[in-house]
Amino acid sequence: MAERYKVDKDLVRMEIVDFTFPQKEYKTSRHDTVLPYNWALGPTWTKFFDGLKEGKIFGTRCKKCNKILVPARTFCPSCYEDMEEWVELPQEGSIETWCLVNYKYYGQVKEPPYIIGQIRLDKADCSLTHFIGGFDLSDPDKVRKKMKTVSRVKAVWSKEKHADIYDIAYFKPV
Amino acid sequence: MGRAVAVIGTGQTKHGRRDDLSYPDLVREAVKKAFEDAGITPKDVDGVVYGSMPSMMEGVAYNHFYFADALRTVGKPLFRTETCGSTGQSVAHTAIHWVASGMADIVLVVASEKEHEGDAQATMMTILEPFLMVTIGGAPVAFSLQSREWMGYYHIDEDKAREAASIVSVDSHDGGLNNPLAHIRVKLTKEDVSKAPIITYPVRLYDVCPVSDGACAVIFASEEKAKKICKKPAWVKGIGFRGEEYFIGDSSKAVWQSTIEASKEAYKEAGITNPLKELDVAEVYNPFSYQELMFLECLGLCPPGEAPDYVIKGTFSPGGELPCDPSGGVLCCNPIGAAGLIRVAEAALQVTGKAGEHQVEGAKLALSHAMGGAMQFNGITILGSEL
Ligand SMILES: [Zn+2]
Chain A
1 MAERYKVDKD LVRMEIVDFT FPQKEYKTSR HDTVLPYNWA LGPTWTKFFD
51 GLKEGKIFGT RCKKCNKILV PARTFCPSCY EDMEEWVELP QEGSIETWCL
101 VNYKYYGQVK EPPYIIGQIR LDKADCSLTH FIGGFDLSDP DKVRKKMKTV
151 SRVKAVWSKE KHADIYDIAY FKPV
Chain B
175 MGRAVAVIGT GQTKHGRRDD LSYPDLVREA VKKAFEDAGI TPKDVDGVVY
225 GSMPSMMEGV AYNHFYFADA LRTVGKPLFR TETCGSTGQS VAHTAIHWVA
275 SGMADIVLVV ASEKEHEGDA QATMMTILEP FLMVTIGGAP VAFSLQSREW
325 MGYYHIDEDK AREAASIVSV DSHDGGLNNP LAHIRVKLTK EDVSKAPIIT
375 YPVRLYDVCP VSDGACAVIF ASEEKAKKIC KKPAWVKGIG FRGEEYFIGD
425 SSKAVWQSTI EASKEAYKEA GITNPLKELD VAEVYNPFSY QELMFLECLG
475 LCPPGEAPDY VIKGTFSPGG ELPCDPSGGV LCCNPIGAAG LIRVAEAALQ
525 VTGKAGEHQV EGAKLALSHA MGGAMQFNGI TILGSEL
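Sequences listed follow chains A and B, in order.
Under our numbering, the first residue of the first sequence carries the number 1, and numbering increases by one thereafter.
Under our numbering, the first residue of the second sequence carries the number 175, and numbering increases by one thereafter.
Some hints could be false.
Claimed, not checked - Some chain B residues near chain A, calculated using beta-carbon distances under 7 Å:
| # | residue |
| --- | --- |
| 1 | SER229 |
| 2 | GLY233 |
| 3 | ASP293 |
| 4 | MET299 |
| 5 | ILE301 |
| 6 | LEU306 |
| 7 | GLY312 |
| 8 | LEU319 |
| 9 | GLU323 |
| 10 | GLU419 |
| 11 | THR447 |
Honestly, the hints are just simulated from the structure, not real lab data.
Backbone N, C-alpha and C fix where the C-beta goes; we use that ideal spot for every residue, glycine too.
Based on the provided sequences and hints, a complete structural model is requested.
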């Protein structure tokens, strides 16, 4: 990430290296705001991501409505109850929806084309947003035909894990 | 809902790529027009409401401070309201609540975006936290996922959905040609749309809104003031707004409860029981043509799963039973923060007969709508020519 910015020492500010704006009619004033953040994940998401590093997908169960949600939650969005019961979920599930991303935009974590899907893991009561892959994505028409035959997918793990959402590389058709 | 409220004036900028002026000057262009339209001066205004997309869009954290002078808010209270794409509806609702409550008589509402100041898509990437919801921030991704979920849920044939989405795009672009303020003004055929480059399959280039600069200002007034000041006010008949859970996967987006419930609330308040029959025109928020299909269903304008059939038979086309987005809609112009308020302004123009070339003949009752967040919010405002 750091190599994307250069520090303008005279002005003591950062500029994004790999981004240029088109010319405008009148004078413009360029200023890139590069802000550092360090989000607290709290005990629930820490445990969820630690689980991914171990190759396990954890959800939590609501003691009131019994729903299992993934990513694990601290509290149930509908009942507002604490969700303290941890459940390891199967690594297979069904595709609820998907889309093939075929354009580039700033901040993408992956070179297009790639597929983003909503995957309902077995036992879960919601779907998880993640990549679908493991086959040739270069021809949209072929992808469309292939995806017509796919309903079940299975997690494929990254070789190197960092206790983050990308520890799952993608979900592949089974 | 409290006291009756009316729109007494609207103003919009020429939308598009507005490198010719600074951001405060863009806001001023809309504000000036709204005051001229209403025939009042800033001293008549009790308060100002402003909204836009997240500040990162243009890089000034409190852009309503930056616009204080352009908003004519010096010496007045100023509210900021924002709900992403539905900001335009939210700012209108803030003013409507303010006037309906009796705490203010005249409120100026302004919303704007100047997307060419920054990288709009990069800002979209900051709307969701980046560690749980996998790079879904790109708007075409979120709404293509939703469109496909809808198609899958109702087993809608892909080719039929494609044809209907193409009709939506062609109709909107025809509307844009009739609207001198629209950003995109181009004649398209169904083939142009269905053969355009793929953005996020099945969504193609002309299924997607542009990146626009633009501002919109709307002035709301109490019944007493409106009757005194305005020859032909547009009366607020009903409003509705609903939010949803943060995680996209927690609820169905094919049967989109926030659209359904927000519109039901607005219809109930407006005394509308058969919206397709009773409404004369609808300004549906349509940044994506496929998404409009789903909205038509969730707004109760046709039965669930049947939007493509209704669109193909012309129900929502110009001259149809309920013309949608005669202004060109969001597909022809999307200064995001302003886009929902432009829908309100367009509804007001329609029911007061001031829409010019894109006027729907004799329109008396109009729906305006916007959605926001990663499929999280929906807002509706219904305006009518009669109190
Ligand atoms: Zn619960």
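Those earlier numbered hints the structure runs against, lowest number first: 1, 5, 11
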